[in-house]
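Participant: What follows is the residue order along each chain.
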Amino acid sequence: MSHHIVELKDIYFSYPDSTEALNGLSFRIVHGESVGIAGANGAGKTTLLLNLNGHLLPSKGEISIGEIPLSKKTRQEIRKKVGFVFQRPDDQLFMPTVYEDVAFGPVNLGLTQEKVDEHVRNALEMVGCLHLSNRPPHRLSEGQKRSVAIATVMAMNPDILVMDEPASNLDPKSRRQLIDLLKGFKHTKIIASHDLDLILDVCERCIIIKDGRVVADGPSEDILLNELLLEENNLELPLSRQRSHLFLHG
Amino acid sequence: MTFDTEYFNIGYLDTLSYNDTFVHRLDPRVKISVSFIFILFVVSFPKYELSALMPFFIYPVFLLTAGNIPLRAIAKKILFVSPFAILIGIFNPLLDTNVMLTPFGVPVTGGWISFLSIIFKYVLTISTALLLIAVTSFPGICEALERLKLPRVFVIQLLFLYRYLFVLLKEALRMIRAREARSFGKRGKEIKTFIRLISVLLLRTLEKAERIYQAMLSRGFRGEIRVFKRHNLRIHDILFAVCSITAFYIFRNFNVVGLIGETLSRSFR
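Each protein sequence line maps, in turn, to chains A and B.
For the first sequence, position 59 matches number 59 in the numbering used here, and the numbering has no gaps at all.
For the second sequence, position 90 matches number 90 in the numbering used here, and the numbering has no gaps at all.
Check each hint, because a few of them may be wrong.
[Stated by the list, open to error] Computed Cβ-Cβ distance ranges for the label pairs, DEER-style:
id: 1; chain 1: A; residue 1: 234; chain 2: B; residue 2: 232; range: 56 to 62 angstroms
id: 2; chain 1: B; residue 1: 243; chain 2: A; residue 2: 172; range: 55 to 61 angstroms
id: 3; chain 1: B; residue 1: 202; chain 2: A; residue 2: 139; range: 24 to 30 angstroms
id: 4; chain 1: A; residue 1: 168; chain 2: B; residue 2: 178; range: 18 to 24 angstroms
[To be verified] No more than 25 angstroms apart at the CA atoms, straight line, and that leaves these computed lysine-lysine pairs for DSS-like:
id: 5; chain 1: B; residue 1: 208; chain 2: A; residue 2: 72
id: 6; chain 1: B; residue 1: 47; chain 2: A; residue 2: 80
id: 7; chain 1: B; residue 1: 170; chain 2: B; residue 2: 149
Because the hints were derived from the structure by calculation, they are not lab data.
All C-beta atoms, glycine included, are put in the ideal place defined by N, C-alpha and C.
Please take these sequences and the hints and turn them into a complete structure.
Facilitator: Have a look at this one:
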């Protein structure tokens with residue numbers, strides 16, 4: 001299948017204050033792939049994600065998503081394909097109740113009332129939050145907020161799921177549930193995170209970026225066990241591999 | 001720490017509004033309209049009126065008891081804003097010195113009567129407004145305003161204001177705690193740091209606004225938000241409205257307290 005390809009060709013982006021965040025970044029992600037994006041703080045992860053659905057437009061280079069080139073004109077169309085889960089759920093949940101928040105996307109897609117209801121229920125069921133339907137977002141725990149934020153995106157049936165630090169601020173059990181949930185999704189996934197264990201668990205491929213460039217791109221098993229590479233990028237071996245590592249050498 | 005308690009106080013009215021009682025279930029449109037009419041009736045009384053205002057206390061008392069709202073919560077808030085009302089009326093006793101009543105031989109001037117009248121009107125209207133919020137969830141009020149044909153932009157602004165009030169307060173709370181943790185005695189609590197704190201809060205708010213807008217765009221926002229309809233006008237909504245407004249009308253046009261007094265004194269004669 002070729003219809004949900006994400007392709008970036010030589011992307012440059014600089015912020016108005018002339019910070020150069022992306023410096024000639026290229027990669028290609030095919031349908032159904034899960035890709036983790038890792039890198040030091042300030043390496044350009046968030047900027048990259050914001051470029052993927054046109055919140056920011058690259059100053060040079062070409063992004064195409066599902067074979068549609070991203071531009072000011074096409075970004076509405078592209079946002080229907082790319083579901084974006086933001087880093088802070090409080091930014092994502094802005095409606096008075098959970099139900100209305102999850103319904104926000106489907107309503108904007110112009111679905112009928114019954115369809116909206118069906119999508120909302122399915123999405124909330126999927127993340128195990130159907131019982132929170134009538135709660136206002138400011139009365140949820142951080143983990144619940146995160147799950148609902150994912151539901152808001154799933155309700156729109158995106159082809160590609162983009163997530164920025166999905167596991168931050170979660171307790172270990174919620175984090176584990178999130179990982180299981182993500183593993184269950186068949187979508188193309190692009191996940192930016194410092195949680196390398198999560199990337200190792202969920203993504204078969206990992207891209208490491210540094211100063212707005214791709215410095216490594218390959219199977220997670222290879223990249224995330226390359227200690228030298230990780231160290232150069234302010235990263236460390238995933239915790240789950242540190243023990244076996246010690247065991248082998250010790 | 002006062003800010004912490006204030007924060008939880010604001011949340012308290014919100015918590016109360018999620019109760020489930022007869023008044024909570026009433027259509028918010030009815031509650032808003034009836035309360036608005038109530039306030040109009042109350043302020044329409046002339047400035048020397050005291051006894052005729054008394055029956056109007058039934059309405060806030062009804063909301064309070066039927067809505068299962070603790071009196072303390074409302075009373076504290078009424079006291080908190082009372083300086084404004086007191087200031088408005090405080091000079092009346094000095095300016096208006098005509099003796100109007102002499103109960104038990106004590107002369108009472110018109111100034112005192114109009115001052116008390118202001119206080120009564122203040123307590124009636126403010127308690128009704130507070131109780132309206134406590135027995136109707138804020139989104140419910142917004143829904144009602146929208147369906148009462150208020151401009152949609154305005155309603156959406158209110159919804160967002162309410163949603164992010166809590167986020168903003170939490171943000172401020174965290175900053176204030178952080179300052180507390182590193183300031184000792186008076187140092188670190190000068191107005192100078194306060195100004196910095198506020199400006200940082202403003203910047204954070206702007207950034208947050210931008211992120212929220214991006215989140216809205218990524219879910220297909222094109223300038224319109226549909227406010228959900230949760231309530232339908234039912235028979236007891238209409239009954240509630242008709243009964244209350246009739247009662248207000250009677251209280252306004254007939255001096256109920258006077259009539260009761262007359263009947264009582266006649267029967268004891």
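Participant: Against this structure, judge whether each hint is valid.
Facilitator: We went through each hint and held it up to the structure:
One distance hint, 56 to 62 angstroms for the beta-carbon pair residue 234 of chain A and residue 232 of chain B, holds here, with the actual separation near 58 angstroms. A beta carbon spacing of about 56 angstroms between residue 243 of chain B and residue 172 of chain A agrees with the range 55 to 61 angstroms that was offered as a hint. Evaluation of the 24 to 30 angstroms hint for residue 202 of chain B and residue 139 of chain A yields a pass: the beta carbon distance comes to about 26 angstroms. Checked against the hint of 18 to 24 angstroms, the pair residue 168 of chain A and residue 178 of chain B passes, with Cβ atoms roughly 19 angstroms apart.
Proximity of residue 208 of chain B to residue 72 of chain A is assessed by CA-CA distance (about 23 angstroms); at most 25 angstroms being required, the pair is judged to hold. Note on residue 47 of chain B and residue 80 of chain A: the hinted pairing is violated, with a Cα-Cα distance of about 62 angstroms set against a maximum of 25 angstroms. At roughly 33 angstroms between alpha-carbon atoms, residue 170 of chain B and residue 149 of chain B are farther apart than 25 angstroms, so this suggested pair is violated.
Violated hints for the displayed structure, listed by number in ascending order: 6 and 7.
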